Each structure stands twice: as structure tokens, then as C-alpha cells.
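**Student:** Take a look at the letters that make up each chain.
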Amino acid sequence: DAGITQSPRYKITETGRQVTLMCHQTWSHSYMFWYRQDLGHGLRLIYYSAAADITDKGEVPDGYVVSRSKTENFPLTLESATRSQTSVYFCATRGGNTIYFGEGSWLTVV
Amino acid sequence: QQQVKQSPQSLIVQKGGISIINCAYENTAFDYFPWYQQFPGKGPALLIAIRPDVSEKKEGRFTISFNKSAKQFSLHIMDSQPGDSATYFCAASNVETSGSRLTFGEGTQLTVNP
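Line by line, the protein sequences give chains A and B.
In this text, residue positions in the first sequence follow the working numbering: the first is 1, and each later residue adds one.
In this text, residue positions in the second sequence follow the working numbering: the first is 1, and each later residue adds one.
If you're looking for bench data, these hints aren't it; they were derived computationally from the structure.
As the structure is a prediction and not an experimental result, all values here were calculated from the model.
Note that the Cβ used here is the ideal one computed from N, Cα and C, for glycine as well.
Honestly, I wouldn't trust all of these hints.
[To be verified] To give an idea of the chain A side of the interface with chain B (calculated C-beta under 8 Å), a few residues:
no., residue
1, Gly40
2, Val60
3, Thr98
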């Protein structure tokens, strides 16, 4: 039982390209989140979703798009990647008061 | 605006020693304060959490101390072990109004020397 699966785990892309990071959960948790982790900034919330077809901006949403057509999937798209979006991206779900994180997607924009 | 400030950024402790990491928050509406542990290459995982109605919570070697008036909380790791070497994040949220959207501190990289 993987819980949260993120793909790809590692990706290198070029500036200006569109990139989609996938997130799949097996728990049917209502809430899902996307965080980015950068040295010196901890984890910052990009977008979150309370349920299918309900999404909202977090702390750093600019340059990102999300969708949630099914409860179990919450993809994050970088419409036109920039070097400042080089980061580790974590998908997460909420079960009770606990936030569960995936293993992360390492994205490098060159 | 950084609503949760964490210190120190890095900490080196000898095996058997006590590790102490501190956090301060600004938003008095926060009512849930978890600590997350992250090993290299992995996602953060919940370690221990506290609500503001108690001043201390202990789970094994890990203790959260909470000071509501000072808006501060800290993680104490007793008898620190090399396996505790990881990055630790404090966080805060308001469970009712924010859907458990966590605001994280910047993280503390703990190294426990054998």
C-alpha cells in the first residue's frame, strides 16, 4: 500500500517548457496539498484542494496550475518553467489532523 | 510573511545528549502544533504534535514544550541517537479555519555524532 505516489521522482527540464508533476493517493482523503521545499524556506504551500473540483491558492501559487477531477489524483503543472522553480515538490494528503507526505519530486529547470 | 520562525538552522549533538529546537509563532489563531521529521530523500513524517490546552507532551524520547503566552514551542530529544540525524520542521495551523493547511518553520538539520 503506497499511500501517496509521486511521479516523476526526478526531472530535468528547460526554461519555458511545461511540466506536470503527478500525485496519486490510495486513501481517498479529501484534502490534498502541494508544497515546495527550498533551503532556507522550509516547506511552502503552493495549492491545496478540499475535494474533487475544489482547489485554492496557497502561499506561493504564481506560475503553477492544479486540477482535481478525481479524488485520488492532484496533478501540479508548471505552465512555463523558470529556474526559480527548481525545487523539491511534495504532494500531501490530510487524514484526521495529520498531513501525510509523498516522497517528493526533484525538479531542475536549466 | 514568515509566521513560524525556527531555530537553530543546524545543530550538532553528541550521542546521548539532549537536542533542543525552538519555534515561535505570530498567529494567535493557531491551535495545532506538529513537528515533522525528514530523512534525506524522503518526505517529512509526523513525529509528535500538541494542542495549546496542554503545556507539554511526551512520546518516548521526544517531548514538546508549549508556552502559549510567549507564543513559543520547542522539541526536546532526550538521549539523542545517530539515527535521529534528520531535518526537523515545526509547523502550525488552525484546524477549523485552515483545513490543516500547515505553516512550516525553516527547518533544523540535526546531526548526532556517535
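**Student:** Determine for every hint whether it applies to the structure shown.
**Tutor:** Hint by hint, here is what the structure shows:
Interface restraint check for A:Gly40: the shortest CB-CB distance to chain B comes to about 6 Å, inside 8 Å, so the restraint holds. For A:Val60, the interface hint is violated, the least distance from its beta-carbon to any beta-carbon of chain B being 12 Å, above 8 Å. Interface hint status for A:Thr98: upheld, as the beta-carbon distance to the closest one in chain B is roughly 5 Å, under 8 Å.
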